[in-house]
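K.L.:
This is what each chain is made of:
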Amino acid sequence: GAGVSQSPRYKVAKRGQDVALRCDPISGHVSLFWYQQALGQGPEFLTYFQNEAQLDKSGLPSDRFFAERPEGSVSTLKIQRTQQEDSAVYLCASSSIVARGGEQYFGPGTRLTVT
Amino acid sequence: AQSVAQPEDQVNVAEGNPLTVKCTYSVSGNPYLFWYVQYPNRGLQFLLKYITGDNLVKGSYGFEAEFNKSQTSFHLKKPSALVSDSALYFCAVRDVQAGTALIFGKGTTLSVSS
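Here the protein sequences come in this chain order: A and B. Residue 331 in the working numbering sits at position 32 of the first sequence; the count goes up by one each step and never skips. Residue 104 in the working numbering sits at position 41 of the second sequence; the count goes up by one each step and never skips.
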């Protein structure tokens, strides 16, 4: 079946611009995660949704970062007034049974470059 | 605080030889442990996980990992490496009592030579 998809795959933004990154999770997966992966590092947690509810946003680095999942399926990560330190790969993951140790399935990521 | 350590940035092994990629973790509660593999320009692919039960878990592509509670380790192993196993490997932990997010190590690049 179809996996997690993300768009765009690559995004170049000038410093100060706003960007929106989209994630389409696996159909039926109630849990959705966003991670940020800097070059040469492992992914770092940003935020977590269960259906449309954002249950954990403790990893969002600043109030410039905002995520939503209004209908419990597609999610959008928005970054306002982008800064160079925002340059990274943004990964989306979904899972069906997080509570019982279900694995997360990752999308290919969006590589954001802020110039 | 939760953390994962992958002490080797790179592991080199000849094709046909056994391989081990090391991982140690720190959590305050019980751990769920995972291994993922990342190929260039592709997302993370799930390999295997430890939730409970048998300490030796088997996963995709012939990989296995052993959970050692006393040493807080979860090393990834394969009896006979293939050139196609060359990739970036990430160990991740989730503290069952502390939330749902995965905490990842920095990754280990595995290079298998022919």
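Some hints here could point you the wrong way.
Unchecked claim - Interface residues of chain B toward chain A, partial, derived using beta-carbon atoms under 8 Å:
1) G79
2) Y95
3) F153
Claimed, not checked - Listed next, the stretches of chain B that the computed footprint assigns to chain A, with coverage defined by at least 3 CB atoms under 8 Å from CB atoms of chain A:
4) 96-110
5) 134-141
FYI, nobody ran anything at the bench for these hints, they're computed from the structure. Each residue gets a CB set at the ideal place from its N, CA and C atoms; glycine is no exception.
K.L.:
Using Cβ atoms only, decide whether Y95 (chain B) comes closer than 8 Å to chain A, and label the hint accordingly.
P.N.:
4 Å, holds
K.L.:
Holds or violated: the region 96-110 of chain B covered by chain A, criterion of 3 or more residues with Cβ-Cβ distance under 8 Å?
P.N.:
It holds: at least three residues are needed, and the region 96-110 of chain B offers 8 whose Cβ sits within less than 8 Å of chain A.
K.L.:
Against chain A, does the region 134-141 of chain B show at least 3 residues with beta-carbon separation below 8 Å?
P.N.:
That given contact is violated, which follows from only 0 residues of the region 134-141 of chain B lying within Cβ reach (below 8 Å) of chain A.
K.L.:
Regarding the hint that G79 (chain B) lies at the interface with chain A, is the smallest CB-CB distance below 8 Å?
P.N.:
29 Å, violated
K.L.:
Report holds or violated for the interface hint on F153 (chain B), using the least CB-CB distance to chain A and a cut-off of 8 Å.
P.N.:
5 Å, holds
The structure does not agree with the numbered hints 1 and 5 stated previously, though it agrees with the rest.
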